[in-house]
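There are 2 protein chains.
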Amino acid sequence: MAQADSLEELVPLLKRSHLLGTIGELLGWDEQVNLPPGAAEQRAAQHAVLAETQHAATSDARIGSLLAGLEARPAELDADGTAIVKNARRDYDRATKLPAEFVREKAVQGSRGYHAWARAKAADDFASYAPVLEKNLEFARREAAYLGRGDVAYDYMLDKHDPGLTAAAVDRLFGELKRDLVPLMNAIVASPVAERARAVSGRLRGFPVEAQRVFLREVTERIGFDYMRGRIDVSLHPFCSGTGSDVRMTTRYKEDQPLDALFGSVHEAGHGLYEQGLPAEWLGTARGIHAGMAVHESQSRLWENQVARSRSFWRHFEPRWRELFPAQTAGLTSDDLYLAVNAVEPTLIRVDADEVTYNLHIVLRFEMEKKLFSGELAVRDLPLAWRAASRELLGLEPANDREGVLQDVHWSDGAFGYFPSYCLGNMIAAQLWARVRVLRPGLVEDFARGDFAWLLGWLRENVHAQGRRFSALELVRRVTGEELSPRHLVAYLQERYGGLYL
Amino acid sequence: MAQADSLEELVPLLKRSHLLGTIGELLGWDEQVNLPPGAAEQRAAQHAVLAETQHAATSDARIGSLLAGLEARPAELDADGTAIVKNARRDYDRATKLPAEFVREKAVQGSRGYHAWARAKAADDFASYAPVLEKNLEFARREAAYLGRGDVAYDYMLDKHDPGLTAAAVDRLFGELKRDLVPLMNAIVASPVAERARAVSGRLRGFPVEAQRVFLREVTERIGFDYMRGRIDVSLHPFCSGTGSDVRMTTRYKEDQPLDALFGSVHEAGHGLYEQGLPAEWLGTARGIHAGMAVHESQSRLWENQVARSRSFWRHFEPRWRELFPAQTAGLTSDDLYLAVNAVEPTLIRVDADEVTYNLHIVLRFEMEKKLFSGELAVRDLPLAWRAASRELLGLEPANDREGVLQDVHWSDGAFGYFPSYCLGNMIAAQLWARVRVLRPGLVEDFARGDFAWLLGWLRENVHAQGRRFSALELVRRVTGEELSPRHLVAYLQERYGGLYL
Numbered sequence: 001m002a003q004a005d006s007l008e009e010l011v012p013l014l015k016r017s018h019l020l021g022t023i024g025e026l027l028g029w030d031e032q033v034n035l036p037p038g039a040a041e042q043r044a045a046q047h048a049v050l051a052e053t054q055h056a057a058t059s060d061a062r063i064g065s066l067l068a069g070l071e072a073r074p075a076e077l078d079a080d081g082t083a084i085v086k087n088a089r090r091d092y093d094r095a096t097k098l099p100a101e102f103v104r105e106k107a108v109q110g111s112r113g114y115h116a117w118a119r120a121k122a123a124d125d126f127a128s129y130a131p132v133l134e135k136n137l138e139f140a141r142r143e144a145a146y147l148g149r150g151d152v153a154y155d156y157m158l159d160k161h162d163p164g165l166t167a168a169a170v171d172r173l174f175g176e177l178k179r180d181l182v183p184l185m186n187a188i189v190a191s192p193v194a195e196r197a198r199a200v201s202g203r204l205r206g207f208p209v210e211a212q213r214v215f216l217r218e219v220t221e222r223i224g225f226d227y228m229r230g231r232i233d234v235s236l237h238p239f240c241s242g243t244g245s246d247v248r249m250t251t252r253y254k255e256d257q258p259l260d261a262l263f264g265s266v267h268e269a270g271h272g273l274y275e276q277g278l279p280a281e282w283l284g285t286a287r288g289i290h291a292g293m294a295v296h297e298s299q300s301r302l303w304e305n306q307v308a309r310s311r312s313f314w315r316h317f318e319p320r321w322r323e324l325f326p327a328q329t330a331g332l333t334s335d336d337l338y339l340a341v342n343a344v345e346p347t348l349i350r351v352d353a354d355e356v357t358y359n360l361h362i363v364l365r366f367e368m369e370k371k372l373f374s375g376e377l378a379v380r381d382l383p384l385a386w387r388a389a390s391r392e393l394l395g396l397e398p399a400n401d402r403e404g405v406l407q408d409v410h411w412s413d414g415a416f417g418y419f420p421s422y423c424l425g426n427m428i429a430a431q432l433w434a435r436v437r438v439l440r441p442g443l444v445e446d447f448a449r450g451d452f453a454w455l456l457g458w459l460r461e462n463v464h465a466q467g468r469r470f471s472a473l474e475l476v477r478r479v480t481g482e483e484l485s486p487r488h489l490v491a492y493l494q495e496r497y498g499g500l501y502l
Numbered sequence: 001m002a003q004a005d006s007l008e009e010l011v012p013l014l015k016r017s018h019l020l021g022t023i024g025e026l027l028g029w030d031e032q033v034n035l036p037p038g039a040a041e042q043r044a045a046q047h048a049v050l051a052e053t054q055h056a057a058t059s060d061a062r063i064g065s066l067l068a069g070l071e072a073r074p075a076e077l078d079a080d081g082t083a084i085v086k087n088a089r090r091d092y093d094r095a096t097k098l099p100a101e102f103v104r105e106k107a108v109q110g111s112r113g114y115h116a117w118a119r120a121k122a123a124d125d126f127a128s129y130a131p132v133l134e135k136n137l138e139f140a141r142r143e144a145a146y147l148g149r150g151d152v153a154y155d156y157m158l159d160k161h162d163p164g165l166t167a168a169a170v171d172r173l174f175g176e177l178k179r180d181l182v183p184l185m186n187a188i189v190a191s192p193v194a195e196r197a198r199a200v201s202g203r204l205r206g207f208p209v210e211a212q213r214v215f216l217r218e219v220t221e222r223i224g225f226d227y228m229r230g231r232i233d234v235s236l237h238p239f240c241s242g243t244g245s246d247v248r249m250t251t252r253y254k255e256d257q258p259l260d261a262l263f264g265s266v267h268e269a270g271h272g273l274y275e276q277g278l279p280a281e282w283l284g285t286a287r288g289i290h291a292g293m294a295v296h297e298s299q300s301r302l303w304e305n306q307v308a309r310s311r312s313f314w315r316h317f318e319p320r321w322r323e324l325f326p327a328q329t330a331g332l333t334s335d336d337l338y339l340a341v342n343a344v345e346p347t348l349i350r351v352d353a354d355e356v357t358y359n360l361h362i363v364l365r366f367e368m369e370k371k372l373f374s375g376e377l378a379v380r381d382l383p384l385a386w387r388a389a390s391r392e393l394l395g396l397e398p399a400n401d402r403e404g405v406l407q408d409v410h411w412s413d414g415a416f417g418y419f420p421s422y423c424l425g426n427m428i429a430a431q432l433w434a435r436v437r438v439l440r441p442g443l444v445e446d447f448a449r450g451d452f453a454w455l456l457g458w459l460r461e462n463v464h465a466q467g468r469r470f471s472a473l474e475l476v477r478r479v480t481g482e483e484l485s486p487r488h489l490v491a492y493l494q495e496r497y498g499g500l501y502l
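Chains as they are written, first to last, in this note's numbering: chain G, 1 to 502; chain C, 1 to 502.
One or more of the hints may lead you astray.
Claimed, not checked - So these bits of chain G aren't anywhere near chain C, every CB distance computed over 12 Å:
| # | residue |
| --- | --- |
| 1 | V33 |
| 2 | G69 |
| 3 | A95 |
| 4 | R104 |
| 5 | E195 |
| 6 | Y253 |
| 7 | K254 |
| 8 | Q257 |
| 9 | L283 |
| 10 | Y418 |
| 11 | Y422 |
What the hints assert, rightly or not - Think about it this way: if two alpha-carbon atoms lie no more than 30 Å apart in a straight line, the pair counts; the simulated BS3-like pairs of lysine-lysine are:
| # | chain 1 | residue 1 | chain 2 | residue 2 |
| --- | --- | --- | --- | --- |
| 12 | C | K86 | C | K121 |
| 13 | C | K178 | G | K15 |
| 14 | G | K15 | C | K15 |
| 15 | C | K121 | G | K97 |
| 16 | G | K254 | G | K86 |
| 17 | G | K106 | C | K86 |
| 18 | C | K86 | C | K15 |
| 19 | G | K15 | G | K86 |
| 20 | G | K106 | G | K86 |
| 21 | G | K15 | G | K371 |
| 22 | G | K15 | C | K121 |
| 23 | C | K121 | C | K106 |
| 24 | G | K135 | G | K106 |
| 25 | G | K135 | G | K371 |
| 26 | C | K121 | C | K254 |
Derived by calculation from the structure, the hints in this document are not laboratory data. Remember, it's a predicted structure, so these values are computed and weren't measured experimentally. Glycine included, each C-beta is placed from N, C-alpha and C at the ideal position.
Hey, can you work out the whole structure from these sequences and the hints?
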C-alpha cells in the first residue's frame, strides 16, 4: 500500500480512539460538576466500560500493521506524516505493551493509593502511606520496563506528560532557575512592601458571587475564549477539559478572595484558548492535539500572569471592576489593587503559592522524584528530605507532613513526572512573552485598550496551530529562536516584582 | 453448560451493553442542558461512535450462542430467567437482524426527515413532507419484515415501545374510551365553570422563577424523588433521562404559567421515581429495566394527575405556595386555585392539552397510524382525515396543517407506534389509582398531611421492583386483579371533573 493510503486509513482509526477519549473526558467533567452524590459507583462503572472500549480502539491491530508499514519507509513521509506516525506509535505502544493484568492491578492500586493518601493526610501519618508510595514507584518502574525504558524510568515518566522531555534537561533548567530565583524571592520577602501587599489582600472582602461571575465572564470573553464553543461552571477544584468545539472550564467563588476565581478562570481560559486553537480537522492526531503539559501550562500561565497581572490589563479592566463592586473597592487605590494582584508570600502549600514562589515548590518536588527514582532517596526518608529542601528553597519548614510531603494528591495514584510541567510552563510562558515583547513593542498598550487579539492571533499561529508536531523544547526553539532557558522567567519576575517590591 | 452458568455469563454481557447505553443517554442529557451552540457536530460524532460501540456490544455473537443454549431447554429456567432470556432475545434480534446498511440508511432518513418536517411545519406545507412520511412508512415495514413481522408491521412498531402490545388490543381499549370520554368532555366544555377556570388561570402571573424552583424542589422531594441519586435542570423541552442512581429531570420556567413547571416537574419526577425504584443490581436485564413506555407514562401521570392535581395534595402544599408567592396569590381563593389546577379546554395542540382532552389527541393519532399501516389511508389523504377526526373527537378543526398533522415531531424520524403509550399510561394510572384507593381508603388523608410514603412504597413493590418481568397488560392484571380497561380512567375523570364542572 502507498504510504499516503496507509496514512489515510490510519487517521480515522486514531480519531475514533480520540473521540472515545473525549466522551470519557465529558464523563469526568460531569462527575465534578453535576454528579448526584449517590451516583459515584455507577459513574465508575461507566468509566470502566468506556476505558475498556477506548483501549480496544487504541490497540486495534490494524493500527499496528499500518504503523509498521509506515515506519518501514520513513523517507516517503512528509514532516506532518512523520509526526503523526511517531505520536501514534507512542500511543499504540502504551496501549499494547502493557499486559492487561498489569493495567488492571495498577488501576486498583491507584484507587487504593488515593484513599490511603486521603487517610494518611487527615491523620498526618506518613508511615501508613509509605508502603503505597513504594508500590507506586515499583509500578512506575515496571511500566517503564514494559515500554523498553526500564533503565530510564524517570525519563519515561516525564515523557508521558511531555513527549521528549528528560530528567537531565529538567535538572539543568531547574538548577539554573533555583540559583537565580532564591535570592530574588528572599529580597522580595524581606521588603517592607510584602507586608503591605498582605494587608491590602486582606481588605478585599465581601465580593458578591454573582458580580464576580459577570466580571470573569467578561474578562475571559474579552481575551478571546469562545463561549459558542465552550462554557464555564463551578466545581470544587477548578479545571479545564474538553477540546475542539466543546471546551469546559470550571471555577469556584469565594466572597472574601475575589481575585481567586478571577485568576483561576483566566488560567483555565488560557488552557481553553489552546484547546480551541488546535486544528479541529486533525483532532486525535499529532497535528490536532496539544504538545504536552508544559506547553499547555505555558498557555494558562501566560494569560494568568504575564497578561492578567499586568498594569495595562488592569488599566482596562479596573473601571469595570469598580463599577461592579463600588462599596468593596471604595478607598482602594489603583496601586493597592496592583499590589494585591501581585502579592508575594512564601507558603508551605503549593496550591496557595504566588507566581514567584510557586516555581520553587516545583523544584522541590522534582528533586524528590529524581532521587526516589535514582535510589538516592528511600521513601521512608522522604519527610526529612522534604523538610530540608523546603527550608533551603522556601525558607520555611513544615511543622508536620500534612503541610509537607502529604499535601499533594499526585503521587498517590502514581502520577510521577507531572510536577515539572508546571514550572516548565512558567519558563516557556516567560520566553514566549519575551519574544512577543520584541515582535510587538506596543503590546501592553493593546492591553490597556482591552485589545488582546494580536497576542491571541500570534499564539494561535505559533503555538496552538502547531498541535504536537514538535516537542515542547523544539517548539520553543522554533518559536523564540533560542533554547528554553529559565533566564526569561527570572528576568520577567525581576522586572515585575523587583519594580514593585525592591 | 448448565443453564445457571449460561445465565451467569449472559447477564454481565447485557449489563455492559446497557451501561454503554447509559453513557449515550448522558450525552443526550448534556446536549439538551449544557452543550455549547458550536459543539453540535462534535456531539453527533460522539453519539455515532458510541452507538457503533453499543451495537457491537449488543450484537456480540457470544450473547447469541448463550441465548440459543438457554432457549433450547426453557424448562430449566425459573420465571426470572425466562424473562431475562426473552428480553435479551428481543434486543439481540433487533441488533443483529437489521442489516448494517439498512440501519445506516434509516438513520440518515431519520435525520433528513426531522429537518424536512421542521421546514414543512414552518411553511405549513404538508405536500413537501408527504414523501418523507411515505419513506418512513416503508422503512418501518422493512424493519418489521427483517424481524420476521412484516405481516403485522404496526404490531411490531407498538411492541418496540411496549413489549407485547398489539394494535387489536389498543383498538379495543381506545374504542371504548372514545365512546365514554367524548360525551364527558363535551359536557365539561359546555359548563359555565369552564370559562371561570380559564379566567382564573389567566390571573396567575408574575411568579418569580427562583421561588418556583424552590417550590417544585420541595414538592418533588416530598413525594419521594431522591436528589442524592438525581437532579433537576433546565432545558427547552422537559424530559427525564438516566436510571438507577443517576436520574436527571429537566423543566422550564415561565413566570406567567407557574403551574406548568410544577406539574411538568412532578410528571418527570414520576418517571424518575420509577427509574430510581428499579432493582439496581439487575440494571440492563429484564429484572432491572422498565416495563415499557405505557407503564413509564402511568407513573408520571399518576403523580402528576391523580396525586398532584388532587384537593388533598393542595391542602398540604397550598400554604407553602402562598408563602412563596404572597403578592401573586392575594385574592385567589382555594377554590380558584383548585380550578386553575384542573382547567379543561379543548385545544388543537396535543402538548397544550389538559388531562381530559389529552387522551382524545392520542386516539386520533392511533387511528391515523393504524390506517396508514393497514393501507386504508394514503399519506396524501392524511390532512383531510386528520381534520375529520379532530372534529369528531375534539370538536375542533385545525385551520391549517401546522395546527393539525404537522404539529408533532414523532413521525418525522419514523417513531410510529409511540403515541398510544401516552394514553395507555393514563389508563394504567387510573386503574392503579382505583386499586390503591381500595387498599388504602385513607390515602387522600395521607396526602393532606404531606405523606406520600405509603403510595410510593406500594408502587415500588408492585410496579417499580418488577422491572420488565411482565408486559404492561400482564403487570396490570397481576397488580389490579383485572384486565386493563378504560373504565377506571373515565370513572376517575368523571369523579374529579364531573364534581367540579357539572
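Do the hints match the structure? See the list:
1. A cut-off of 12 Å between C-beta atoms contradicts the statement that V33(G) is not in contact with chain C; the least separation is 9 Å.
2. Against chain C, the non-interface label of G69(G) holds: every CB pair exceeds 12 Å, the least being about 25 Å.
3. Distance check on A95(G): its Cβ is at least 16 Å (rounded) from any Cβ of chain C, clearing the 12 Å threshold; non-interface status holds.
4. The claim that R104(G) is not at the interface with chain C holds, since no C-beta of that chain comes within 12 Å of its own (minimum 16 Å).
5. Distance check for E195(G) against chain C: the nearest CB is about 43 Å away, which clears 12 Å, and the non-interface claim stands.
6. The beta carbon of Y253(G) sits about 18 Å from the closest Cβ of chain C, which is more than 12 Å, so the claim that it is off the interface holds.
7. The non-interface label for K254(G) is consistent with chain C: the shortest C-beta to C-beta separation is roughly 23 Å, beyond 12 Å.
8. With a closest Cβ-Cβ approach of about 26 Å to chain C, Q257(G) is found to remain outside the 12 Å limit, as its non-interface label requires.
9. The Cβ of L283(G) does not lie farther than 12 Å from every Cβ of chain C; its closest approach is about 9 Å, which violates its non-interface assignment.
10. No beta-carbon of chain C comes within 12 Å of the beta-carbon of Y418(G); the shortest separation is about 27 Å.
11. Against the 12 Å criterion, Y422(G) stays outside the reach of chain C, whose nearest CB is about 28 Å from its own CB.
12. At most 30 Å may separate the alpha-carbon atoms for a hinted pair to count; K86(C) and K121(C) exceed this at roughly 41 Å.
13. Annotation: proposed proximity of K178(C) to K15(G) is violated, straight-line Cα distance about 55 Å (limit 30 Å).
14. Taking the CA atoms of K15(G) and K15(C), the gap is about 27 Å. The hint holds against a cut of 30 Å.
15. Proximity of K121(C) to K97(G) is assessed by CA-CA distance (about 56 Å); at most 30 Å being required, the pair is judged violated.
16. Taking the CA atoms of K254(G) and K86(G), the gap is about 45 Å. The hint is violated against a cut of 30 Å.
17. For the hint linking K106(G) to K86(C), the alpha-carbon distance of about 39 Å lies beyond 30 Å, and the restraint is violated.
18. At roughly 15 Å between alpha-carbon atoms, K86(C) and K15(C) fall within 30 Å of each other, so this suggested pair holds.
19. Restraint check: the Cα-Cα separation between K15(G) and K86(G) comes to about 15 Å, which is no more than 30 Å; the hinted pair holds.
20. Taking the CA atoms of K106(G) and K86(G), the gap is about 26 Å. The hint holds against a cut of 30 Å.
21. A hinted pair counts as satisfied when its Cα atoms are at most 30 Å apart, and K15(G) with K371(G) does not qualify at roughly 38 Å.
22. A C-alpha spacing of about 37 Å is found between K15(G) and K121(C), which places the hinted pair above 30 Å, so the restraint is violated.
23. With a C-alpha separation of about 22 Å, the suggested pair K121(C) and K106(C) falls inside the 30 Å cut-off, and the hint holds.
24. For the proposed pair K135(G) and K106(G), the alpha carbon gap of about 10 Å is at most 30 Å, so the pair holds.
25. Under the criterion of a C-alpha separation no larger than 30 Å, the hint pairing K135(G) with K371(G) is consistent with the structure, at around 16 Å.
26. The suggested pairing of K121(C) with K254(C) holds, with an alpha-carbon distance near 24 Å, which does not exceed 30 Å.
This entry does not satisfy hints 1, 9, 12, 13, 15, 16, 17, 21, 22, going by the numbered hints stated previously.
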